[in-house]
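As they're listed, the protein sequences go chains F and R. Residue numbers are given in the numbering used here: position 42 of the first sequence equals residue 42, and the series is strictly consecutive. Residue numbers are given in the numbering used here: position 257 of the second sequence equals residue 257, and the series is strictly consecutive.
Just so you know, these hints were derived from the structure itself, not from any lab. Some hints could be false.
As the list claims (entries may be wrong) - Residues of chain F placed beyond 12 Å of chain R at every Cβ, according to the derived structure:
#, residue
1, K45
2, D67
3, R99
4, I210
Claimed, not checked - Part of the chain R face toward chain F, derived, beta carbon under 7 Å:
#, residue
5, H464
6, L468
7, L557
8, S591
9, K594
10, A597
11, A601
12, D604
13, G606
14, E646
15, L647
As the list claims (entries may be wrong) - Here are the simulated lysine-lysine pairs, DSS-like style, with alpha carbons at most 30 Å apart:
#, chain 1, residue 1, chain 2, residue 2
16, F, K33, R, K649
17, R, K446, F, K102
18, F, K137, R, K282
19, R, K504, R, K39
20, R, K649, F, K42
21, R, K384, R, K282
22, F, K102, R, K565
23, R, K317, R, K504
24, F, K266, R, K587
25, R, K446, F, K137
26, F, K102, R, K587
27, R, K552, F, K70
28, F, K263, R, K587
29, R, K587, F, K198
30, R, K440, F, K102
31, R, K317, R, K501
32, F, K70, R, K446
33, F, K33, R, K587
Beta carbons are placed, not taken as given, at the ideal position from N, Cα and C, and that holds for glycine.
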Amino acid sequence: MDGIIFDIKEFTVHDGPGSRVTIFLKGCPLRCKWCHNPEGLKAAKQLMFKSNFCSHCGACTRPCNHDDCKPFSRCVHVCPNGCLSVAGEDISAEALAERILKNADILEIMGGGVTISGGEPLLQADFVCELAERLGKTHKAIQTSGYADSETYKRVVSHMDYVLQDIKLADEKGHIFYTGVSNEKILKNIEWLKQSGKQFVFRVPLIPDITDTEENLRAIAEIVGDCRVELMPYNPLAGAKYDMVDMEYTLDEEENREEDFTKFFKNTIILG
Amino acid sequence: MSTVLREYIVNREHHKFRKDFEEYVNLSKDYKELGLSPKERMTRRFELLAGLETPVLLPDEKICFIRTVKNIPDCFTEEEWAEIKSKHFIHELGYMSNLSPNYERVIGSGLLAAREEADEYGKRIIDAILALTSRYQKKAVEEGKTELAKVLERVPAYGATSFYEALQSFRIIHYSLWLEGNYHNTVGRFDKYMYPYLKADMEKGLYTRETALEMVEDFFLGFNKDSDLYVGVQQGDNGQSMVLGGIDENGNEVFNLLSELCLEASRNLLMIDPKINLRVNKNTPIRVYELGSELTKAGLGFPQYSNDDIAIEGLQKLGYDYKDACDYAMAACWEFIIPKVGADVANIGALSFPKMIDICLHKYLMECDTFEEFLGKVKEEIQKECDAICDNIKDLWFVPSPFMNVMIDGGIYDGAKYNNFGLHGTGVATAADSLAVISKYIYDEKRFTKEELIEAVDSDFELHSEMLPVLRYEAPKMGNNEELPDEMTVQLLKMFSDSLKGKKNCRGGVYRAGTGSAMYYLWHADEIGASPDGRRKGEPFGTNFSASLFAKINGPLSVIKSFTKPDFTENINGGPLTLEFASSMFKDEDSVKKVAALVKAYIDMGGHQMQLNAVNTEMLKAAQEHPEEHRQLVVRIWGWSAYFVELDKEYQDHVLRRQQYRV
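For reference, chain F alone in the conformation it holds in the complex (with noise of 0.2 Å):
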């Protein structure tokens, strides 16, 4: 079956254990204010924009006949600059696996693998579940809100050797606030993860204010007990991507206060 995806990154050094290829599924039903990622958001193709570059030639304003180019107004394929692309390609879980599978010696040699995350790979299920059987031996990580009904999460996890399960608000209501959804089903997941047996990891973005404070911490730390977690600082340039898809980023440039935030934890490290 078709899926869609947004990027794939070779050499990722954070996303599981040694170094991967990282596949970006597109779609989310969150919409955390911090979202780096603002082109994996919506599940449709999106016209991307990078204007370092645009000499204002006009020429991707003239009409053509591609027919990529019909949901926008623009001739994606004229830039001679290289200023526009779509977001999003359709793929087949066939193709992607043959496309990543080229990699998997070298993945072997430095004990990697490939980790699925989004968007919000869980939204489609179907497409990684099939992506997963057709890796084969290859290590499998998936990076995931853990937004999803349980049946969906055991079935697609069931299909992974490592989780990267994010815990962002404990509190449900600032969890509705910062990204638009309950966390009701998410810690139901979380529940279930840390007594299924499998590998994971959790992930915890520091928002400055948002999931930094130390009231939240203390309580995902509840959570979490002396499971693994990895801590990721905020990084100013969260809201690079925004103009290239005509978004608006609402938070602050501002780093993480000075604290050593490991302190509210059993099992954990800062990643860079």
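Got chain F; can you put chain R on it based on the hints?
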């Protein structure tokens, strides 16, 4: 570390001892009037300069010798040079450079022993070195540096009996080679020939790991004392390359405690000399790569890695003995050279691959009915060009350096054991991508006509401008693990090495084909206009062995897959694949290990040479000024990456600011 000495050198305080000797600017005129032979001139000049030197001991330093004579006057007048050049082929500045002298022999048995074997000129130069040494020795006595004074009583006159003596002996020999006028004087397999001295001293309890490291750091600082006086294309291009690790002739790993100390010293000092090369092979433990990656993290752009498994086999194919091939070292940049017995000229010329495509595009595209036929023309043209390059190199003449002659076994005047010439190969990705375009769009899909392609290229894409985005951004590119351009690279490299096979050079050696570019990636790019791969007129080629600058590349894994496809044992003059990473990527220990695993994967898959850069602020600033030259510079931000140049200026500034904290 002696921060006192390091700061002193970094702040160039020692420059205050330097003197200009205006009265000798026209030395060559006197020599000409006296009708002196070139060897006599070289010898007299050395005697003069050594006599003009003032012994100076810097604060805290253990290993001495700095240059106080600023400039070395030429031995020959302009008219004489013009005459020499009219009769001979002259390489660069006219010296035999990029050699790896036999430090091991001379440190081991001393200059007096070497003097026995030397000709009259060599003897006189050795005498001048020893006279200067004894003036340094007196200075050491005067300043109460009794340990140093004792060391200078022995070396370099006699064989070194301690690590200290060996290092000081090296320093004086190396200094003397520069004073003689030689340049790109390389260091060779330092950990191989120097470790026995350290080992013996450590067994005697003379050093701990810490004090040995301090000694190495003091010694390393020596490479940076006079380096601004050394000639090169750019400041820093001085050829002080040091090779660590690799196998010996019995297949045993050389990597030892001294290798580790050198990597550590380099990391602590953060100075550009000596330039560290790490020899590795399929049996090299991952720990060695990890130590290397720690140094990469420091942002100096080294170590550069070379693959023993490929280099040794390749060098043997060129006719080097197994034992000598096992001993290979690095020239100034990345050319494979043989220490002690080699007098190769590893960078004597360069083939421009894109120029060959350009010629064939204009001369033969219209008449070729199939792509195979066109490719055959490319092969013919490469053969013609290599014939022309080699035919042009006749009667190579070089300034006879009597001391360098002593330092290479058997001497260099009439040829050493190896006298091969190396050619760079520039812009292979641009050429391969261009061939891919011709194959796919002209012959296979017939999307564009031959006329359209030629007109587009000739007009720098003013005509048929709709072709540009297709050729530039949609066409398959070398570096993305795609069959077509990768296969073109394989074929181009084979054509290059095949066309040099069987050729004898004017010194009796053979020719070697390489994958490096040196400065030619700019020079050769200026020789042609636009190219069929969508490269506009005036845009440079990729440096050395790398993807085209504007190619949208999937990532390092695809690059490694693409760039390990050719058989490098056939193209072993040198020229590395270069990968650039933002230094922020090296922040945590785990990532350093992952980079090490990536390098190991490249070597295990048959890559020949690799250079990695942890990109620093300076490069990011340059990327802001010239974004077109740094399109592949990736900035990594936890879970995602961006091409730095595609970020808005304000975000670029952010990255810059952040880099300042992280480097």
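Here's how the hints hold up against the structure:
1. Every CB of chain R is more than 12 Å from the CB of K45 of chain F (nearest about 17 Å), matching its label as outside the interface.
2. Residue placement check: D67 of chain F keeps its beta carbon more than 12 Å from all beta carbons of chain R (closest about 15 Å).
3. Listed as a non-interface residue, R99 of chain F fails to keep its Cβ farther than 12 Å from every Cβ of chain R; the least gap is roughly 9 Å.
4. At roughly 16 Å from the closest C-beta of chain R, the C-beta of I210 of chain F stays outside 12 Å, upholding its exclusion from the interface.
5. Because the closest C-beta pair between H464 of chain R and chain F is about 12 Å apart, greater than 7 Å, the hint is violated.
6. At its closest, the beta carbon of L468 of chain R sits 5 Å from a beta carbon of chain F; the interface hint therefore holds under the 7 Å criterion.
7. A distance limit of 7 Å between C-beta atoms decides the matter here; for L557 of chain R the minimum to chain F is near 4 Å, and the interface restraint holds.
8. At a threshold of 7 Å, the smallest CB-CB gap from S591 of chain R to chain F is about 5 Å, leaving the interface hint in force.
9. Interface hint status for K594 of chain R: upheld, as the beta-carbon distance to the closest one in chain F is roughly 5 Å, under 7 Å.
10. Checking A597 of chain R against chain F: minimum C-beta separation of about 4 Å stays under 7 Å; hint holds.
11. Interface hint at A601 of chain R: satisfied, since its Cβ lies 4 Å from the closest Cβ of chain F, which is below the 7 Å cut-off.
12. Taking 7 Å as the C-beta cut-off, the interface hint given for D604 of chain R holds, the closest approach to chain F being about 6 Å.
13. Because the beta carbon of G606 of chain R sits about 12 Å from the nearest beta carbon in chain F, more than 7 Å, this interface hint is broken.
14. A least Cβ separation of about 5 Å between E646 of chain R and chain F falls short of the 7 Å threshold, and the interface hint therefore holds.
15. Among the interface hints, the one on L647 of chain R holds; its C-beta lies about 5 Å from the nearest C-beta in chain F, closer than the 7 Å criterion.
16. Between K33 of chain F and K649 of chain R the alpha-carbon distance is near 23 Å, which keeps this suggested pair within the 30 Å criterion.
17. Of the supplied pair hints, the one linking K446 of chain R and K102 of chain F holds, its CA atoms being roughly 29 Å apart against a limit of 30 Å.
18. With a C-alpha separation of about 25 Å, the suggested pair K137 of chain F and K282 of chain R falls inside the 30 Å cut-off, and the hint holds.
19. As the CA atoms of K504 of chain R and K39 of chain R are separated by approximately 27 Å, the hinted pair is consistent with the 30 Å bound.
20. Proximity of K649 of chain R to K42 of chain F is assessed by CA-CA distance (about 27 Å); at most 30 Å being required, the pair is judged to hold.
21. In summary, the hint linking K384 of chain R to K282 of chain R is not supported, as the alpha carbons are separated by about 38 Å, beyond the 30 Å threshold.
22. The suggested pairing of K102 of chain F with K565 of chain R holds, with an alpha-carbon distance near 14 Å, which does not exceed 30 Å.
23. Proposed proximity of K317 of chain R and K504 of chain R is supported: the alpha carbons are some 15 Å apart, at most 30 Å.
24. Pair hint K266 of chain F plus K587 of chain R holds up; C-alpha atoms about 22 Å apart against a cutoff of 30 Å.
25. Proposed proximity of K446 of chain R and K137 of chain F is contradicted: the alpha carbons are some 41 Å apart, above 30 Å.
26. A C-alpha spacing of about 29 Å is found between K102 of chain F and K587 of chain R, which places the hinted pair at or below 30 Å, so the restraint holds.
27. Distance restraint check for K552 of chain R and K70 of chain F: the Cα-Cα separation of roughly 24 Å lies within the 30 Å cut-off, and the hinted pair is therefore satisfied.
28. Pair hint K263 of chain F plus K587 of chain R holds up; C-alpha atoms about 20 Å apart against a cutoff of 30 Å.
29. Among the hinted pairs, K587 of chain R with K198 of chain F is consistent with the structure: their alpha-carbon atoms are about 29 Å apart, no more than 30 Å.
30. Simply put, K440 of chain R and K102 of chain F have alpha-carbon atoms about 22 Å apart, close enough for the 30 Å limit, and the pair holds.
31. Between the alpha carbons of K317 of chain R and K501 of chain R the distance comes to roughly 11 Å, so the proposed pair stays at or under 30 Å and holds.
32. Proximity of K70 of chain F to K446 of chain R is assessed by CA-CA distance (about 25 Å); at most 30 Å being required, the pair is judged to hold.
33. Between the alpha carbons of K33 of chain F and K587 of chain R the distance comes to roughly 26 Å, so the proposed pair stays at or under 30 Å and holds.
Checked against the numbered hints listed earlier, the structure breaks hints 3, 5, 13, 21 and 25; every other hint is satisfied.
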